[in-house]
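Going down the list, the sequences are from chains A and B.
Here the first sequence is numbered in my numbering, starting from 55 and rising by one per residue.
Here the second sequence is numbered in my numbering, starting from 190 and rising by one per residue.
Heads up, a few of these hints could be off.
[Unchecked claim] Below, a list of computed lysine-lysine pairs in the DSSO-like style, where the Cα atoms sit at most 30 Å apart:
#	chain 1	residue 1	chain 2	residue 2
1	B	Lys221	A	Lys126
2	B	Lys355	B	Lys302
3	A	Lys188	A	Lys259
4	A	Lys126	A	Lys73
5	B	Lys207	A	Lys277
6	A	Lys301	A	Lys416
7	B	Lys207	A	Lys126
8	B	Lys269	A	Lys413
9	B	Lys263	A	Lys277
10	B	Lys263	A	Lys413
11	B	Lys629	B	Lys618
12	A	Lys154	A	Lys504
13	B	Lys263	A	Lys426
14	B	Lys590	B	Lys522
15	A	Lys413	B	Lys448
16	A	Lys413	B	Lys452
17	A	Lys427	B	Lys263
18	A	Lys301	A	Lys427
19	B	Lys269	A	Lys416
20	A	Lys319	A	Lys188
21	B	Lys452	A	Lys389
22	A	Lys392	B	Lys452
23	B	Lys365	A	Lys277
24	B	Lys316	A	Lys126
25	A	Lys277	B	Lys316
26	A	Lys79	A	Lys188
27	B	Lys269	A	Lys392
28	A	Lys389	B	Lys269
29	B	Lys452	A	Lys416
30	B	Lys221	A	Lys277
31	B	Lys263	A	Lys416
32	A	Lys277	B	Lys269
33	A	Lys426	A	Lys504
34	A	Lys325	A	Lys292
35	B	Lys448	A	Lys392
[What the hints assert, rightly or not] If the Cβ cut is set under 8 Å, some of the chain A residues that face chain B in the computed set are:
#	residue
36	Tyr242
37	Ser246
38	Ser249
39	Glu276
40	Lys277
Calculated from the structure, these hints are not laboratory results.
Only a predicted model underlies this, so the values are computations on that prediction, with no experimental measurement involved.
Don't be surprised by glycine CBs; every beta carbon is placed ideally from N, CA and C.
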Amino acid sequence: MKTANQNVTATMLVNDALKKAEFFKDYNIFTSLYKDAALKKAAKIDERIKNGEPVGRLAGVPFAAKDNFLVKDTITTASAHILEPFEAPITSTVVEQLEKEGAILIGKVNLDAFAHGSSTENSYFGPTLNAYDKERVAGGSSGGSAVAVALDIVEFTTGSDTGGSIRQPASFNGVYGLKPTYGATSRYGVVSMASSLDVNGFFTKTPEDLDLLMSICAHRDEKDLTTLPDFYEESEAKPIKTVGIVKDFDNDAVDPEIRTALKAKCEELKKKGIDIVELDMPTLKYALAVYYIIQPAEVASNLSRYDGIRYGFRSENATNLDDLYGNTRNEGFMKENKRRIMIGNFVLSSGFYDAYFLKAAKARTLLIEEYKKAFEKCDVILAPVSPNPAFRLGEKVNDPVAMYMEDIMSVSINLAGIPGLAIPAGKTASGLPIGLQVLGPRRSDKTIIKFAEEIR
Amino acid sequence: MKYIPTIGIECHVQLATKTKLFSEVDNDARGKEPNSCVSPVDYALPGMLPRLNGEAVRFAIRAGHAMNCVINPKSRFDRKHYFYPDSPKGYQITQFFHPIIGEGFVELPNGTKIRIEHAHLEGDAGKLTHFSNYSLVDLNRVDTPLIEIVSMPDIHSAADARDYCKELWRLMTFAKVSYGDLYNGNMRFDVNVSIAPEGSDKLGTRTETKNLNSFRSIERAVEYEIKRQTKLLEAGETIRQETRGWNDATGESTPQRSKEEAKDYRYMPEPDLPPLNLSEEFINAALENFPLMPSDYRAKFTGIIPADTLEVLLDHANLVEKLAELSSPSAIKRIANLFASVLLAEENFSLLNDDLPSATQLNDLAEMLDKNELSSTGGKEVFIKFFDPEMHFKATREIAKELGVVQENDLGALEAIVDAVLAKPETQKAQEDYKNGEQKVIGFLVGQVMKESHGKANPSAVQEILRKKLA
Chain A
55 MKTANQNVTA TMLVNDALKK AEFFKDYNIF TSLYKDAALK KAAKIDERIK NGEPVGRLAG
115 VPFAAKDNFL VKDTITTASA HILEPFEAPI TSTVVEQLEK EGAILIGKVN LDAFAHGSST
175 ENSYFGPTLN AYDKERVAGG SSGGSAVAVA LDIVEFTTGS DTGGSIRQPA SFNGVYGLKP
235 TYGATSRYGV VSMASSLDVN GFFTKTPEDL DLLMSICAHR DEKDLTTLPD FYEESEAKPI
295 KTVGIVKDFD NDAVDPEIRT ALKAKCEELK KKGIDIVELD MPTLKYALAV YYIIQPAEVA
355 SNLSRYDGIR YGFRSENATN LDDLYGNTRN EGFMKENKRR IMIGNFVLSS GFYDAYFLKA
415 AKARTLLIEE YKKAFEKCDV ILAPVSPNPA FRLGEKVNDP VAMYMEDIMS VSINLAGIPG
475 LAIPAGKTAS GLPIGLQVLG PRRSDKTIIK FAEEIR
Chain B
190 MKYIPTIGIE CHVQLATKTK LFSEVDNDAR GKEPNSCVSP VDYALPGMLP RLNGEAVRFA
250 IRAGHAMNCV INPKSRFDRK HYFYPDSPKG YQITQFFHPI IGEGFVELPN GTKIRIEHAH
310 LEGDAGKLTH FSNYSLVDLN RVDTPLIEIV SMPDIHSAAD ARDYCKELWR LMTFAKVSYG
370 DLYNGNMRFD VNVSIAPEGS DKLGTRTETK NLNSFRSIER AVEYEIKRQT KLLEAGETIR
430 QETRGWNDAT GESTPQRSKE EAKDYRYMPE PDLPPLNLSE EFINAALENF PLMPSDYRAK
490 FTGIIPADTL EVLLDHANLV EKLAELSSPS AIKRIANLFA SVLLAEENFS LLNDDLPSAT
550 QLNDLAEMLD KNELSSTGGK EVFIKFFDPE MHFKATREIA KELGVVQEND LGALEAIVDA
610 VLAKPETQKA QEDYKNGEQK VIGFLVGQVM KESHGKANPS AVQEILRKKL A
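Next comes chain B alone, as it looks inside the complex (with noise of 0.2 Å):
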């Protein structure tokens, strides 16, 4: 029998902004000693109250916004009761009842759409480190903001399931909510995955695999899910409804909590803060300068830029950023070569993270390459030149004249050296050669004219000199 897999994904994604979601403490605790961005709020001492963060709101709009979502005008934070050392108030502030973000869809790059149920603003958790008697609570991340985006369970695949996961990490960086870094937390991914026989109406009992945090890895466990359950319902067994853990290095996930040890929450309206009301003109000013999204850049680029090509730049946003500042269709695609040539290939990585050459660079970058000006040899020198601190300030034709490569094209001197290279004795037999019908001495030449140019001649406008004048 064959079985359809139906996937809804919940994804956390922290928020980028300056302090946390109820406190004025610095939200960014990137190499900061543990403990050290603790307010008293955070840590939950009597009598703190929560205060609510409007950038964190304003960065919930604009993610929500992202996904094509509504956004709710009245909204309502909810109280999510546990115990845990990293949960100092023993209760996690969420919007169980009310959430900010209502319905929208986010498209894939193939072009299926998957909606969104809704998406929520709430506090992270702390961080615990287990040792083998004891454990270490670190509260740096309490209360960051998160939106937790539910999908709805339109997905079918595990390609898809993947690709739905990093389209929303493009949208959250594009938007530039979130910093996006993956292998730090910033988005965090739980799918949800059940299989029922092709043609039934019905859903089959699902799971949860839990705090996925690489695109192969959602991409292994969708796919690890479907063969298990598959395997059971043939072997006439059921599935049970439990959350699993997912080990990346067996390439196996675990279950953890069946839905019978399944916590009870006790969710409660948040009496400390009260309703989120957001008025019209809020909205629109949390929207202000919105960025433009890859499905944009598509748009735009498409007949440009191949499409591969184009699905790799776009986990760049500052690329596409970049791509969309320049003049020409005819630059554009160049450069976007370039960048993905160059700037991605294995050993460059690390100057994606430099402050990119400026659009006018770019531009005459481009341009000289038209006019065959620059070889291609010669463009990548000069592009991988940018990146250079000094020369940040530079023009194009000044790098390109100091590195030496910029192609001689000017006909009456190119002749000249051509007809110097001709008058020499040790050319003498290829000339006579190349008119005998042997075409492939051509090569040498042009060889022969290089050297003489010291390497500065363009080879093509030299060849058809050279073929011109032994005609």
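Just chain A, with the same shape it has in the complex (with noise of 0.2 Å):
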């Protein structure tokens, strides 16, 4: 990562982002930028070069961050219209890391509203275009923050990871993605969707970036109960011997090609001396239905305090109460958020939670099992992350199971609170990205992240 020297200046480097964030404004990537600040900023991390004192690890390096993350006085949209007007008071635990460290936040970027979305075209703003190609979609929901990275105007994003967030538009755009441990970052200012699948991470070019921003991120933060005791700084990278490979991933609902890229890199693998070892994982064929009963809930819920009476947008045709709720929900919200809160809320419904949710919770243990068990028999995992490379805008707008089935190869790492990272691997006949993921045991982030180094 290019940090601000005496000769590359802060400035120099803002500068350098905000011109290319305009020069690929019809990518439609920013949802707002900071120049002023950013570039205020900049200039005290010069004055500070110039006199000799000391800076952070990330000084003066321009960054952008997911517009569900919140920055204190900076408006934060969550790409949704019922969020209209809304302003941060404080700034969200990552991004106050990543600052601490000089790291230069130039702006937010766009999101399916409410990370709802594997292609960015649920969001209030519109879509943002893939960086190989304009009529393809960037992936989702964290496509402004891939897109950003791909197109070089920043050297590192956020992202939020709920079912495939990161990893997905990461694999679209050819970047590195790396969806952490559940609790490994805090979510803490981060507008939640799923809080028990949520988890904050990076896109970057190259892995060696991942594991800098890991040192500064992944720590303990009292203001999110819900994360780890510090672990990442001290774990070691484990060496790689053998690499699971999901008998269940690979069938014809995979891409050819994507399948193709898996074995190639197996190849590679062999011939470097690492077994390849093949996994059952019976399990995983219910990941995705698991994963549309808990998620639809948490979203449910934690979109409740979206009812106009305290911030954000408020309905103005209504005159009681009920109308309030009832009008502001319906205007405010998406198409897909209401999907997901009408599947949410049947399943949490009374006569219903025993038969979907609990029953849902169980599988998941189950599912976190067979991870467990997958690894014992295996280093990490190597799978691809989605069915096929960028789809086509629109393609698949209309139709949400089609949409749903993106995450089919994602979704289970997130119920199993296990690491996984995106790697590039090569590109499709007509140029379109490849991506391919690293798995590993809970708290292998280090692991994952030197093994993509070791097989870049």
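Using the hints, build the complex out of the two chains.
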């Protein structure tokens, strides 16, 4: 990562990033840009460097945050109409940690509203375009984050991953995208999607950058009681002798070019003396169903606070309290938000809780066990991220189930709480990036990052 | 036909913690501006996560211990969903599936044991004030820690319902987990009432009268409900399962919501809070220096303080705590009497909020009364004077002297005064009359001696001397 020094100043780095952000405006990446504030911060860092004062590990490095990260005194939209206007009184822990090390936030980037989606087409501000083909989707929900790094506008971006929202757009745009172990990074100050699945992570151009960002951000946060005690910095990367391949992911539903890319990677590994083992993971076929019960349930619950009473959008078309709630939420939420609210409330409703939510929770425990067993047979798992490369804009918008299938190989990782790292793995014949994901047991974040370095 | 009522009670207790259940904001909003004790977490801004207040957990453990309850080492939080402006998150964080406090019991003064089903920790809601065409929301109370205590349906009369609630109130104030200010909603009660024919093994359909906040209204509401249900059954009608609202002014309750209209709260485990695992050390530390409970005081004071006086005093933890500090049973008895007759007299209610006299002051007062150095009237005067801020550190005898109420018990000195009075011409006739058998004139002579002594003589001692001299 290029940090500021005497010769390359923070101001130069930030100006460069702002210029590129402007240049790539047609990709619809940014929801807001903080030009003045960023340049002011850059000048301060340059001043410190000039005076020989110590600067942080990310001195002058421009970055962008997914627009569900709160930053004090700025607008957070979550790309949703219902939050307009919302100015945050606090800064999310992750952004705070990065800024403390001298990184400079130049703006916030687009996502599917409330991170609901796999294409960034569910954004109130319209879709972000794929970095390699403007007629294709960026992936999602962290589409803006992936494209901003792929187009080299910023060195890194933050993202959030509930069911693949970092890994899938990373794979669609040929960059690295890390979904850390659940609880490795703080969720404080990030608009919640599904609390037991949400993890905040990063998009970078190299695994080394991910290592640095994790050293900075993977810490216990007293403001998020679900964060783990510090483990990342002290942990040691495990040498990889055996890599697992999930048989259940190798089927006709997966694009042949992706299957070929995975096989090619395995051949490479074998040449390096690494054993490849095939894994039977029969519970995985239930993962998507389990995910689409637990996730909407938590989504419905977490979105209850957007009611038009205290902040954000409030419908003008209401004469009583029930209508105020109903119309505000009907006019303020996107179609996909409403779909999940309805599914979520259904699976939690009296008489259905046991049949859906409770059963899904039990199946989730089985999935966790299945991954534990899998990691007894191998050190890490290598798998496709999504069944296909970036698809065309509009292709799946009206087919929610097809859109949900995008997540079929990514959601089980969130359900199990294990880390997953999307790595670039070549391109299709038509030039679209292919991504694979490296998975490891809980707290093996450093191992999978180092492994990604080794197999680059 | 005779009907037997069956009553179960749910009680919400606001815990007197320094900060709220899930944030660092001041929990004591008394006298504060509306919406001034609200953090971004309480306000439910996006991305805000609850942090559990350890003090609230310790208070819950103490409350559970006061009710002889099992403390569950593993408990968990859940979300209870509903839309209303008093609930910023759109859900209340409560413990629906795995509460922190398990089974226990509360023993009423009459010996009846009421079993506790469980009690759980949860956050309170905000407060709405309605006006003709708008409503105002005050979120100061949002996520004030509460415990909800759920009794088993072990209560069978309105009086026991009242006594149970009162005993709960005592337990919570003695355990010092709540301010117990009923008027300001520190404790709120929901009573579930059903009736069934005597001898029936099935319970009747129950109703729930919600949000009662005085012991009298609890008793009245239960009485009302028993009568109402009895009338319905006797008329051959059925009872609707519903919640009802009590109107204290009219002495009636009205239906609010029927079972069919009941909300579906869509309970779900709270994913933002890890399960609460309490170690034995944590539980033991929370119970360190656990205060004495009403039952302890009953055991200690029975035979010393009359039962009815004791029950009155037990409404005030500080009074019985003070009594327990006194040195002798006779001091306890005398001071208990003063507490009950002076301090709890309506005109002195304001003194209850002041610091109580020290144990030394009270022990000395009891001793002076024992030795007849103070009349009961003088004793009361001294007692009241204790509450004068300037007298806080003064010795009892000094105060009594300043008030001029110390009685003259020195027999030699008294005899001299008596002799002086008997030598007076105006007492000669009375002396004659007494000697001629008119016993009651002794009162006149005692009065004369008291006058001569400026009221400091001990009247019974004076009478004794007079009788001897005139015999």
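Hint check:
Simply put, B/Lys221 and A/Lys126 have alpha-carbon atoms about 27 Å apart, close enough for the 30 Å limit, and the pair holds. Taking the CA atoms of B/Lys355 and B/Lys302, the gap is about 14 Å. The hint holds against a cut of 30 Å. Distance restraint check for A/Lys188 and A/Lys259: the Cα-Cα separation of roughly 20 Å lies within the 30 Å cut-off, and the hinted pair is therefore satisfied. For the hint pairing A/Lys126 with A/Lys73, the CA-to-CA distance comes to about 24 Å; that is within 30 Å, so the pair holds.
About 18 Å separates the Cα atoms of B/Lys207 and A/Lys277, which keeps this hinted pair within 30 Å; it holds. Distance hint between A/Lys301 and A/Lys416 is fulfilled; the C-alpha atoms sit about 23 Å from each other, no more than 30 Å. Pair hint B/Lys207 plus A/Lys126 holds up; C-alpha atoms about 27 Å apart against a cutoff of 30 Å. Our distance criterion of 30 Å between C-alpha atoms is met by B/Lys269 and A/Lys413, whose separation comes to about 19 Å.
For the proposed pair B/Lys263 and A/Lys277, the alpha carbon gap of about 22 Å is at most 30 Å, so the pair holds. Simply put, B/Lys263 and A/Lys413 have alpha-carbon atoms about 22 Å apart, close enough for the 30 Å limit, and the pair holds. For the suggested pair B/Lys629 and B/Lys618, the alpha carbons sit about 13 Å apart, so the restraint of at most 30 Å is met. Proximity of A/Lys154 to A/Lys504 is assessed by CA-CA distance (about 25 Å); at most 30 Å being required, the pair is judged to hold.
Distance check on the hinted pair: B/Lys263 and A/Lys426 sit about 25 Å apart at the alpha-carbon level, within 30 Å; holds. With a C-alpha separation of about 24 Å, the suggested pairing of B/Lys590 with B/Lys522 holds against the 30 Å cut-off. Our distance criterion of 30 Å between C-alpha atoms is met by A/Lys413 and B/Lys448, whose separation comes to about 27 Å. For the hint pairing A/Lys413 with B/Lys452, the CA-to-CA distance comes to about 23 Å; that is within 30 Å, so the pair holds.
Simply put, A/Lys427 and B/Lys263 have alpha-carbon atoms about 27 Å apart, close enough for the 30 Å limit, and the pair holds. At most 30 Å may separate the alpha-carbon atoms for a hinted pair to count; A/Lys301 and A/Lys427 meet this at roughly 15 Å. A distance of roughly 21 Å separates the Cα atoms of B/Lys269 and A/Lys416; the hinted pair therefore holds under the 30 Å criterion. A C-alpha spacing of about 28 Å is found between A/Lys319 and A/Lys188, which places the hinted pair at or below 30 Å, so the restraint holds.
Only pairs whose Cα atoms come within 30 Å are accepted, and B/Lys452 paired with A/Lys389 is accepted, the gap being roughly 26 Å. A C-alpha spacing of about 21 Å is found between A/Lys392 and B/Lys452, which places the hinted pair at or below 30 Å, so the restraint holds. Distance check on the hinted pair: B/Lys365 and A/Lys277 sit about 29 Å apart at the alpha-carbon level, within 30 Å; holds. Simply put, B/Lys316 and A/Lys126 have alpha-carbon atoms about 29 Å apart, close enough for the 30 Å limit, and the pair holds.
Proposed proximity of A/Lys277 and B/Lys316 is supported: the alpha carbons are some 27 Å apart, at most 30 Å. Our distance criterion of 30 Å between C-alpha atoms is met by A/Lys79 and A/Lys188, whose separation comes to about 12 Å. Our distance criterion of 30 Å between C-alpha atoms is met by B/Lys269 and A/Lys392, whose separation comes to about 20 Å. Taken as a hint, the A/Lys389 and B/Lys269 pair is honoured in the structure, with Cα atoms around 25 Å apart against an allowance of 30 Å.
Between B/Lys452 and A/Lys416 the CA atoms are separated by roughly 27 Å; this keeps the pair inside 30 Å, and the hint holds. Straight-line distance between C-alpha atoms of B/Lys221 and A/Lys277 comes to about 26 Å, which keeps the hinted pair within the 30 Å bound. Between B/Lys263 and A/Lys416 the alpha-carbon distance is near 19 Å, which keeps this suggested pair within the 30 Å criterion. Annotation: proposed proximity of A/Lys277 to B/Lys269 holds, straight-line Cα distance about 22 Å (limit 30 Å).
Pair hint A/Lys426 plus A/Lys504 holds up; C-alpha atoms about 21 Å apart against a cutoff of 30 Å. With a CA separation close to 19 Å, the supplied pair A/Lys325 and A/Lys292 stays within the 30 Å bound. For the proposed pair B/Lys448 and A/Lys392, the alpha carbon gap of about 28 Å is at most 30 Å, so the pair holds. Interface restraint check for A/Tyr242: the shortest CB-CB distance to chain B comes to about 6 Å, inside 8 Å, so the restraint holds.
The beta carbon of A/Ser246 is positioned within 8 Å of a beta carbon in chain B (closest approach about 6 Å), and the interface hint is therefore held. Of the supplied interface hints, the one on A/Ser249 holds, with its beta-carbon coming within about 4 Å of a beta-carbon of chain B, less than 8 Å. About 7 Å separates the beta-carbon of A/Glu276 from the nearest beta-carbon of chain B, less than 8 Å, and the hint is met. Given hint, A/Lys277 at the interface with chain B, holds; its Cβ is 6 Å from that chain's nearest Cβ, closer than 8 Å.
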